Amino acid sequence: MPGKLKVKIVAGRHLPVMDRASDLTDAFVEVKFGNTTFKTDVYLKSLNPQWNSEWFKFEVDDEDLQDEPLQITVLDHDTYSANDAIGKVYIDIDPLLYSEAATVISGWFPIYDTIHGIRGEINVVVKVDLFNDLNRFRQSSCGIKFFCTTSIPKCYRAVIIHGFVEELVVNEDPEYQWIDRIRTPRASNEARQRLISLMSGELQRKIGLKVLEMRGNAVVGYLQCFDLEGESGLVVRAIGTACTLDKLSSPAAFLPACNSPSKEMKEIPFNEDPNPNTHSSGPSTPLKNQTYSFSPSKSYSRQSSSSDTDLSLTPKTGMGSGSAGKEGGPFKALLRQQTQSALEQREFPFFTLTAFPPGFLVHVGGVVSARSVKLLDRIHNPDEPETRDAWWAEIRQEIKSHAKALGCHAVVGYSESTSICEEVCILSASGTAAVLNPRFLQDGTVEGCLEQRLEENLPAGCGFCHIPYDELNMPFPAHLTYCYNCRKQKVPDVLFTTIDLPMDAAVIGKGCLIQARLCRLKKKAQAEANATAISNLLPFMEYEVHTQLMNKLKLKGMNALFGLRIQISVGENMLMGLASATGVYLAALPTPGGIQIAGKTPNDGSYEQHISHMQKKINDTIAKNKELYEINPPEICEEIIGSPIPEPRQRSRLLRSQSESSDEVTELDLSHGKKDAFVLEIDDTDAMEDVHSLLTDVPPPSGFYSCNTEIMPGINNWTSEIQMFTSVRVIRLSSLNLTNQALNKNFNDLCENLLKSLYFKLRSMIPCCLCHVNFTVSLPEDELIQVTVTAVAITFDKNQALQTTKTHAEKSLQRASTDNEELLQFPLELCSDSLPSHPFPPAKEHLESASSNSGIPAAQRDRCSSWIELIKLKAQTIRRGSIKTTVTVEKASPVGEGNFRNRSSPPCANSTVGVVKMTPLSFIPGAKITKYLGIINMFFIRETTSLREEGGVSGFLHAFIAEVFAMVRAHVAALGGNAVVSYIMKQCVFMENPNKNQAQCLINVSGDAVVFVRESELEVVSTQQPAATCQPSCTGGEVTT
Amino acid sequence: MASELDIFVGNTTLIDEDVYRLWLDGYSVSDAVALRVRSGILEQTGATAAVLQSDTMDHYRTFQMLERLLHAPPKLLHQLIFQIPPSRQALLIERYYAFDEAFVREVLGKKLSKGTKKDLDDISTKTGITLKSCRRQFDNFKRVFKVVEEMRGSLVDNIQQHFLLSDRLARDYAAIVFFANNRFETGKKKLQYLSFGDFAFCAELMIQNWTLGAVDPQADDMDMDLDKEFLQDLKELKVLVADKDLLDLHKSLVCTALRGKLGVFSEMEANFKNLSRGLVNVAAKLTHNKDVRDLFVDLVEKFVEPCRSDHWPLNDVRLFLNQYSASVHSLDGFRHQALWDRYMGTLRGCLLRLCHD
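Here the protein sequences come in this chain order: A and B.
Numbering-wise (the UniProt record's numbering), the first sequence opens with residue 1 and increments by one.
Numbering-wise (the UniProt record's numbering), the second sequence opens with residue 1 and increments by one.
Bound-form chain B, shown alone (with noise of 0.2 Å):
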């Protein structure tokens, strides 16, 4: 006696928060039905596992029906076919944009293309995550980069207009999407100690001051790529450590303002022209795509990693980057103040935020 055919429909679509995580991470429906029988949800309510299996079902039907809809989200408040609640609808759409921190770490910076979505199987088995989910977030990456990839306008503003997603949820998306369009190295070995969350604000400070939407509001790709003419400039600022003298009071400025201050005063003082110099030529250095894309690597390498070895506090590093960045407007002789301080403002930012173990 085989179910040949098992419904549920409800004038209001029924959807169980349990089985859509389930599904949402990929389970086939027997390993929902597993996974919920180990819940213990058998012995709270007095179900079968065959009733189990018959809800799961018919759950999992529902989710591929909707699917098609969560792939154009403003859609999903349009139909008719589904009656759902707002927040029901809210919470769909949250739930199945969301990503699992540890598969985008992998695919961070990655250009989003076939031949990216071949290798997921690999990153499936290191992180853990199911083939099945690994799809999906690749697919919703992809998607959003895909919409938005042209737009004029906030990129935050624009995800948020065309996916429904919460603020929180479509920054970590803008910072996705402008990862994966200047292709930044993240999964050299020296980065794996970042976050998501560190790229994510490094991406938010870039997207506010270094595309060309920080400079005009109606550019196309404003928030996605960054300043070409700025990025140019930037060689402007190597006069701070190719002229030795602008190099010394420059030095001679931050160490007599430090003095005392620094519990690391002495290495800091050692080693002033070598993270100068390397701060300096990361910014020289912008104008080729190839070292655009290793700006992380490079700011770990020639700065994080000399602190590190030092063992700075993050409160000197944090002293010493504001007094480097604000003694450059002493240099009588500098005359690139605002390129400075585009560049410093969102750098210090950054660094700050990359100097952690």
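This is chain A alone, in the form it adopts within the complex (with noise of 0.2 Å):
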């Protein structure tokens, strides 16, 4: 009995007329959890009843304590027939768990009834005493926190951060179980509201056990999905990051670590070894962003085989032939580490998270991605949840294989979705590969491996960039150079990840938000036939997804992307691809070249007329966004890049793909000078469409600035406005012209429209960057496409923004500029014969140098692309009915100053009281996070049988959201916070039905409650906190903010 539940009734206000005679109620409550109840008094005559009533106690198990809400339903007495309900709140009381979160809930409920809404509040005290365990075969995981936050939350350090950890528990879903025919839609809805409120809790307990098993105590990045697979049941999933987290909470405990920052980040890269020693020249192929391996034993058969049919825990067979040879010693520490990690974490060395403490993050490999169809089945024995778990490992193992074969022995940034339509589902997993520092990954003296560290001093901000794959084996063709930061390792040409910008990267500029969307149709089909068909499209739908990225990318005159987010989601008679992600332009790796339009009939005149007039459009394009996000890489001295020569065996691929438009895309490489040119082909009008759709992404109006990372690169001084919304769209296609490119332009256009109101709307909160764009779409219904965004819109102060770029810029070049010179000497030393003889541009020159080009290698002009060897390498990903593609993409390096979050904030505003903020990021601009006070995850639903009365689908749904944003700020008053961080709606599954006057919506939401402190309210509190406030806020490690 290790646990006392205390329950106290205190008043309620606001409560609807449930006595139309006399225009009151007579309301009393009751309060159940497990299988006890207990009344209040009635409070007769009353629209807001003082009930008052003692405690009421429940002496529960802790394992319950986990799984159930607390229920508390009011009612309106009535003598002669049955009580009527008037709504419910149900209260998680697992924040009441750890030790260090809420120590009670209090505070005034919205009452929430599905079929009515809000109706009034009630105010409610909860208590628990846990009774301390000695426990030996625990159930239950109390003391375990959770963090949806996707770094190491700003009051805690990261000891370790253990791995992996997953669940899913299934069941029937109530609302196709036989009873719900003859039960009330709010019977049914309750029903359904309770059932995942108590898996949630199962799952959030087992997880919990896990974390315990791995001997941490906390789980960060924690994100829990539900899939309502109809009649096959329902699946509630979760994934999130073990670790062992310390709280910093007296000053003693932060400030040695804040004091030294440039300790910490130079050890940064500690195990890349300084000392270049190999430097075969990368092989220049025009095809290494757009490289798909599908069916990764095929596709990597290159590399060693073994690595990526083998599920052994050894990464080493993986790496060894791939990176033993240069990367000597610390290499191989890091592999028998990493062993000996992945052992511990149960097969998958994959984390949740996207921004990491310093140091944890060595080199970045590119995106991994894996997806699968399934048909489903009915979940027979929900106890024994094995085909969906199977599917999942399956599809891990797949993420794995793939991340081996980019010489990567951990995922990063790793999420998984799913797609339902009907019984066909789509499972999808992406991550980004990457090669981590064992140091948090292992039990241990974190001290002893600082020491160590701080022996080898190396680059910091591009380190990340180096690959991690053997360039003589590279797992796919891609173009490599010296780092254009520290000229010592190689770095790909362009990087995709799914992380956040690290804190130290070297950006140039500004980010901006790149979205690819795509339409296919696809036939009605049944089952089996679904499936194939939907698995035949993917790898397309994938590649082309990917195109358009690669195509904005360049057309911005950037070269990376971060927090890149595919989602492709099925619908009766199509599927529907978007994809968004942040571009930045990461100083380490070289410059992005120009995109060529090369034509198929040169001989006709006025053709040749109109593509050079799209050239020109293309071109004044990219030089407008160089202007645009203020990109002006330093001039760079061509000789000092070891011009890469192509492998012969690339080349000639190269060459054979090419075709009859190699000669005409060589001379239009000359008249462009020595620039890395992307060549589109227009052959037909579906391609000049693509181009069109190229350029028809108007950027956002003067003063808004968007990304759908934490934090936009470039922007440093955020003041302390912030306003979170959710917008969702619904569109209805006219069934005559369901063409590919019809559905193609009506999807832009809504996202594009959608994107034109939020500026519209936000107009007054200019300058102002919208953070965390989220964009989710869906297919409810044949002719219908849904999306869904939340963002945040953060003001910044302009005028403080060009001061401070201004310094860090300066700041930041002169250290990488020192940092350039130490390192320059140790290398010519020891290998001068491998380095540039060239002196090293002095800092000034990044300054100066505008965005010129000159400096191109001469060996990347004649990149182009070639899509049809692609096409060709995805017909061979049907694998028996199940059918998986896989996205590998690129890598790259930034250098230097990621000091980018430094948010100098000017003295805020009163903070109102009982005002909650509600945010995506993990942090709130100009304040400070002084506690968690536990996991906010919520599932409503909504239903009305009077749509037209409540002001239509818009109505409904317009008070529905503002309803759930409601109860979120309410819990997390009640918890005794002021801000929701990471925040996010993780589902808003929307169902209509206009002839019936019906619809449905269910909307999951979740976030951490916090208690946060305005910058300026603490001043008075110590000195040393400026320091603390310039550190980024997302390592783990030192942070104090």
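None of these hints come from the bench; they were simulated from the model.
The reader is advised that the hints may include incorrect statements.
[To be verified] Sample of chain A residues at the chain B side, in silico, Cβ under 7 Å:
hint, residue
1, Gln71
2, Phe725
3, Val728
It should be emphasised that the depicted structure is a prediction, and the values quoted were computed from it without experimental measurement.
Every residue, glycine too, gets a C-beta built ideally from N, C-alpha and C.
Two chains, two frames, some hints: make the complex.
Encoded structure:
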């Protein structure tokens, strides 16, 4: 009997009128936990009852404490007939189970009814007395902290990052049980809400147990999702990263840490060999950005095939050939460590984190993803969710082998998702292959590591861009150059990742949101045939999404994508692909080349003219974008970079696929100078459309920036005003013009218009940045497309921006140059022949050189793309009905100053009492998070049978979302918090039946409840604080803000 | 490709003041969009008409949801659904309860009944204010009236407490409620030159001096109803004009005091008895409800118009009224000095306000 739950019902207010005759209500309350129910007295004739009840006490297992929600039902007493329910409040008492979180839940909760929405509020006080259990065979995992935040939470320090935890539970969906035919919609909705609440609790408890097994004390980056599989059941699954966290409570704990940021910085790429002794020039191939390896065993067979197919947990085999030659001792140590930790983590070296403590991330290999199409069948035994488990295990295995193929032993920024239509389900997983520093993965003395590391000092800011794989034995054709920052290691020319931009990455200019959007029609089909059709389409979609991203990235003049999220949604008669990412210019990577257009019929004069007109437009756009995003990379002498010679094999392949247009391409290349060119062939109207659509993306109005990562590269002076919002749009396609092209246009317009509307609505916040822009697309019905966006607009100070960026840039350049000097001497002595003899460009040039591209290596110039091959590759994707496609994308590297997060906040305005901020970010600008109160994970259903009366679908959903926000805020406030960070709306399933005047919507949201204090209010606290605030807020180790 | 559904929900509810005004003014979404286009917003922001349409719809929907709460402003403060900064809440309430001068002049003093509500379309046609806006304003008057009707305490305070209005607006509402309750006639042609401000000024004076609340701060309806006893007592003033000696004495006192100080002295002297009779008779008649309602008509007929026809400058009116009130204190035979002061003190203020073109 390890816990006593105590509940007191204080009062109600604004209750609805339940008795028409008196215009009043006779309300009482039922308090239920598990199977025990208590009731308050009936408070007669009042809309503002004062029950002031005794303490209701429940004596319960801690297992139940974790699983069960506290259920409070407000009813209207009726002497003659059944009591009418007014509404319910579910309270998750989990936050009361950790020692450091909330101690009491007390406040006004909206009383919620699934048919009528919010109907008044109730004041409740909840406490838990936990008895110390010295337990043995624990089924509960009380005390494990959960965080949605995908970085080490602000007031903690990561001692060990254990690794991946996952769990799923399945059940029948009450909505599809036989009983649903005879019960009311309200009863059905409530059964569903309760079930999901129970399942989430159970899931969380089970994950907690796994964490305990790993000897961790927290789960970071916890992501829980529901799969509404309809007839076949309900799946609740979750993934997260198990960690051992230390609370930074006393100033003593964090001051030393924040006093030595430079030390920390220096040790970042500790295990990168400063001495690059292998210098075979990278192959120059056009394909590198579009490498798709479906069925890894095939495409990666060039590499060590053993690592791909072998499911053993010894990454050594995979890495052995790949990197042993290049990175000697440290790497081996790392591998050893990795093996160890992999075992510890039970097979999957995955991390759901997207931002890391300094030094954690060593190299980034690129995006790895896997998809699989499955046919849903009824879950026969809910206690044995093996099928679903097996499905995910299969996908994770594939991800893992892809990562190995990239020479990486881990996957970071990992996430999983599903899209379900009828009985077909697409499972997707993606992440970023990476090499990690074992220091955080093992038990043991951080101090010891620290000292060791200090001896090796290495350039910060570009290490993660350096390729982790062996350039002689590359997993895919890629174009490598020497890092533009340190000049010692190879980097690819483009880097795609699913993580946030590392704090210390050197970025030039600002970033921007880049989206690829795509629709594909598909025949309506049943079961197997349907799954096969979808499987066949997937690779083409992936490919095209990727191409779009690439083109748009080049159009922006940038060379890396962060936070890449590709969503493929399935509908009855179409597939939709939506990829979002934040483009940036990493200083460590080469300047991207332009885009060349090649026509097919060179003889036609007018056509030629048209082409050159388009070309001009594209060039203008690139130039404009460079100006807009302030991309002025330093000018670099050509010779500095060891000009890579194309590998013969790749070269020949290039020529073969080039076919008739190749001549023309060279011609165009010449006209374009030495720029690396990306060629678009316009051979039919489709391609024309593509080019047009490239150019139709309108940049945000001046004063606006947008990104889908935590923060915007290049902006560092956030002010305190934030506005989180959710916007939903549904369009109905006219069935007349259903062609792929028309669909694409509709979808594109939908997204663009949505963005335009957002910019317009938020115009009063200018200058501001939309951060963490999260688009989700779904196909609720045949001709409906639903797009949901959640993001936060943050204002920043423009004037201050100029100043700080300048000083920052100066500082960073100074530092970079000193770094470079130091570093230059070292390698020069050791292997002078391999290094450019030119002096490194002085720092000043960084500022002065405009976007001149004259320094681009010659070898890069003949890059072009031919896609035919890829399509061929993709043809091999069908594997026994369940098909997977994999995208493997590049990586690259930035240098230098990652301090864009310096939030110099002007004195903040008074924080009004009762205001609860919500943000999808892990931090609050201009404020310091002082306490995490626990996870918020809520699921609501709302249904109406009077849709017209509630203002139609828009009115209905608008009110519902506002109510969901209100309930989240109320729970946070009751926990004693004043903000939700890492807020996410994971699901928003909307169904309507206008003919019946009905609609239903399911929403699932989560986030971390926190207490924050304005920095201005903290000024008195300590003089050390400023140092702490410049620290990147995602760094776990020394984070103090 | 029609948008089936299009919504935007912010954690902090976005309020666009311009759209709010259009909504309050009763424009339909399409009219509002047209007006916004005309304001040049598209050029300023580079937005498209579709964006504007969507934005306007969204704001309208928000306002419709807020309207229920605006009917009881304290609810707006305590509700949890919309997170709105206090300054914005105040703005929402203040604007919602604001009214048009043209409209209020039409309904001032009328019974706030269904019958009047039916006439709103005529008022709408006459004033050019949309019917929707007229309804909102009328319903506001009625709602405030219903809530404070049977309350103790100061009318203005009650309104402020229950509707969270600014002092200025609460005073205006007090005047509206007071006029509606006493049904003062304000619509007659000869009263058309008076503004709402003129009436509100008089209402405030009357509330301060002539109601039950002026003598008993605990009375029910204290600020709404005129003090019946006081009205009854006003009959006693008749002696001032009925007693010929008293009237002559009064006249000579006034004339002596004002000789040489008044530009219109001779006209005043000639008219004194008429004016005095007018003012005293108005007082004496106030026992009848019908005559109470006609108070302003009578004042204009009996005092303002004669003065105006003789072109009295405002300063002369002031000097006259001061002297006229004060001289009564020197009438030894007159015993109702306090009553006279309570009556004349208010009336003097009202008359001065009413004397303009």
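Quiz prompt | Structure versus earlier hints - violations, ascending order | solution = 1
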